[in-house]
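Residue-level listing of the chains:
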Amino acid sequence: MRRMMLNGSLVLTALVTIALCSLSWGQATKAEEDQRLGMESHIGKLTGHATSAQGNYRRYCVGCHGELGDGEGENAQWLEPKPRNFTLGIFKCRSTTTGTLPLDSDLFDTIGRGLDSSNMPSWNPLSAQERADLVAYVKHFSARFVTEKPGTPIEIPKKPELTAERLKAGQEVFQRVECWKCHGPTGMGNGPSAATLTDDQNRPIAPYNFHDGKRFKCGTTDEDLYRIFMTGLDGTPMPSWSDNIKPDEAWDLVFYLRSLQPMKSKEKELARQIGLKSGAAAAAAPAAQQ
Amino acid sequence: MISVLLLLAIGLLWPARSVSAAAEGKITGTVKLDGAAPHMKGIDMSKDPFCVKQHENSPAHLENVVVGAGGGLQNVVLYISQGLSAAEASQAPAKEPVFDQKNCMYTPHVLAMGVNQKFKVMTSDQTTHNIHPLPNPLAGNIPWNKSQPPGAPPIESSWKAEEVAIPVKCNIHPWMHGYFVVVKGPYATTDEKGAYTIENVPPGNYTVTAWQEEYGTQTAKVTVAAGKPGTADFTFKAK
Chain A
1 MRRMMLNGSL VLTALVTIAL CSLSWGQATK AEEDQRLGME SHIGKLTGHA TSAQGNYRRY
61 CVGCHGELGD GEGENAQWLE PKPRNFTLGI FKCRSTTTGT LPLDSDLFDT IGRGLDSSNM
121 PSWNPLSAQE RADLVAYVKH FSARFVTEKP GTPIEIPKKP ELTAERLKAG QEVFQRVECW
181 KCHGPTGMGN GPSAATLTDD QNRPIAPYNF HDGKRFKCGT TDEDLYRIFM TGLDGTPMPS
241 WSDNIKPDEA WDLVFYLRSL QPMKSKEKEL ARQIGLKSGA AAAAAPAAQQ
Chain B
291 MISVLLLLAI GLLWPARSVS AAAEGKITGT VKLDGAAPHM KGIDMSKDPF CVKQHENSPA
351 HLENVVVGAG GGLQNVVLYI SQGLSAAEAS QAPAKEPVFD QKNCMYTPHV LAMGVNQKFK
411 VMTSDQTTHN IHPLPNPLAG NIPWNKSQPP GAPPIESSWK AEEVAIPVKC NIHPWMHGYF
471 VVVKGPYATT DEKGAYTIEN VPPGNYTVTA WQEEYGTQTA KVTVAAGKPG TADFTFKAK
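Taken in order, these protein sequences are the chains called A and B. Just so you know, the first sequence maps onto residues 1 to 290 in the working numbering. Just so you know, the second sequence maps onto residues 291 to 529 in the working numbering.
No lab work stands behind these hints, which were simulated from the structure alone. All values derive from a computational prediction rather than experimental measurement. Check the hints yourself; a few may be wrong.
To list a few chain B residues with every Cβ distance to chain A over 12 angstroms, as calculated [to be verified]:
| hint | residue |
| --- | --- |
| 1 | Asn354 |
| 2 | Gln372 |
| 3 | Ala455 |
| 4 | Lys474 |
| 5 | Thr509 |
Computed beta-carbon distance windows for the label pairs [unchecked claim]:
| hint | chain 1 | residue 1 | chain 2 | residue 2 | range |
| --- | --- | --- | --- | --- | --- |
| 6 | B | Gly360 | A | Asn75 | 53 to 59 angstroms |
| 7 | A | Leu68 | B | Ser375 | 36 to 42 angstroms |
| 8 | A | Gly55 | B | Asn495 | 55 to 61 angstroms |
| 9 | B | Ala377 | A | Asn202 | 51 to 57 angstroms |
| 10 | A | Gly55 | B | Glu489 | 57 to 63 angstroms |
| 11 | B | Pro444 | A | Asn119 | 39 to 45 angstroms |
| 12 | B | Thr397 | A | Glu165 | 25 to 31 angstroms |
| 13 | A | Asn202 | B | Thr513 | 41 to 47 angstroms |
| 14 | A | Glu67 | B | Ala429 | 21 to 27 angstroms |
Glycine included, C-beta positions come from ideal geometry on N, C-alpha and C.
Generate the whole structure from the sequences, applying the supplied hints.
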């Protein structure tokens, strides 16, 4: 009997120890996160404070991105693509190189713009200060924003004058680096590799179709388009091209991609004038390889 | 009194150990598969005519389990998981690890490297690849995704945390799937006979871990003495 009691008390001690350990573990992570609540964001003259965003996050963001910022909000199960998991610190829309943290202004722009073809709306109805505060709050979910600095933003030279030569050169870049493998010979998002693409969570993801006239995920300007393919979209199959496309060629490619879109543009008009067949030559590229 | 003696003993032993570290030992052995080698599916590369052409005479197969003559298991990474001093654990082998994209396959299929060791990713192919390592960012390594069209210069990079293992894929060619294995200290990868040698191991007692992508890890205790290599053989059971 005595022995049983001894055993019992041993088990009890063990249980209490385990309970205490797990409690302190939980507290440690919570404490860490609370510590990060001092996170700030700096966008131009604005300074955002994570603590000031708690109310807005709970009201507008928590449903999808979740209380822990892990993208597991109660609505997440119904959404495709899935809400971003902020704890990883990996973001599609960056002006910085692949594998690095975005600038505060990148996150600020994403919150304001929203993400086309997803459930993330534009949050421009909130004031700039409120959005800056939310940037700080988004950052506080990832320890990376404490230990790492954002990457170096890629340089975007001034846009050159559009010429027929540049437009043709852009088409050549499209073929040479084989954008068509995913985006299709004519940019319709139907390349040979399109059907098997998956994102970093192994969920199917479609390459952009230049012909359907939808906005790009990371901004609508020519500079945004330049930035998208040069930095790549982290977390997706879209790689960074900044090592393999020179700045001058990148602008050529921007012109060519614009000519594929259905919207009226100088590029589209010029392509029509010079009889640049969107993708006719590109379509021959896979055949030429055989 | 005992603790003082113990401290003294440790104090006396410490320099001795450091000195002996200069005398290089090694750990050798063989990794085998027990049972029939699983069937490795052929790869349909018809998405990319260039890739198809490279394999006209040698059909490509998946490389998750590569078994050689006598049951030797290739592409198993061996590393020392216990017993190295901090200084020894920070020393990676001198040879630069190189990952080549050749004939639309990864060569080697599994590339071992040290923490913070520079490695190179190159392409020998006349088709565009994207190289997309997917480490766990919460464990300290950050995923990236870079393109490598034909003729592009090698990509140099390194990983700052230990991670066994980081999946690597090419989104353009979905069958291309390999691993980076990032470990501390000396390491080795088994050849086509399943043989390995971990070089530059100072005399001492160690735990060696063997990692195989399908079968997981196994460990063994090994003693390396001056002038006498330690041996550790491993056998993974076929599923």
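Evaluated hints:
No beta-carbon of chain A is positioned within 12 angstroms of the beta-carbon of Asn354/B; the least distance is around 17 angstroms. For Gln372/B, the requirement that its beta carbon stay farther than 12 angstroms from each beta carbon of chain A is met, with the minimum near 23 angstroms. The Cβ of Ala455/B lies farther than 12 angstroms from every Cβ of chain A, with a closest approach of about 16 angstroms, so its non-interface assignment holds. Against the 12 angstroms criterion, Lys474/B stays outside the reach of chain A, whose nearest CB is about 20 angstroms from its own CB.
Under the 12 angstroms C-beta cut-off, the non-interface status given to Thr509/B relative to chain A holds; the minimum distance is some 25 angstroms. Distance hint for Gly360/B and Asn75/A: a CB-CB separation of about 56 angstroms, consistent with the stated range 53 to 59 angstroms. Between Leu68/A and Ser375/B the beta carbons are some 38 angstroms apart, a value that agrees with the proposed interval 36 to 42 angstroms. Taking the beta carbon of each, Gly55/A and Asn495/B are about 58 angstroms apart, inside 55 to 61 angstroms as hinted.
Between Ala377/B and Asn202/A the C-beta distance comes to about 40 angstroms, which lies outside the given range of 51 to 57 angstroms. Checked against the given bound of 57 to 63 angstroms, the beta carbons of Gly55/A and Glu489/B, roughly 60 angstroms apart, stay inside it. Remark: the range hint 39 to 45 angstroms for Pro444/B to Asn119/A is upheld by a beta-carbon distance near 40 angstroms. Judged by the Cβ atoms, the range 25 to 31 angstroms given for Thr397/B and Glu165/A is violated: they are separated by roughly 40 angstroms.
For Asn202/A and Thr513/B, the hinted distance range of 41 to 47 angstroms is satisfied, since their beta carbons lie about 43 angstroms from each other. Separated by about 23 angstroms at the C-beta atoms, Glu67/A and Ala429/B satisfy the suggested range of 21 to 27 angstroms.
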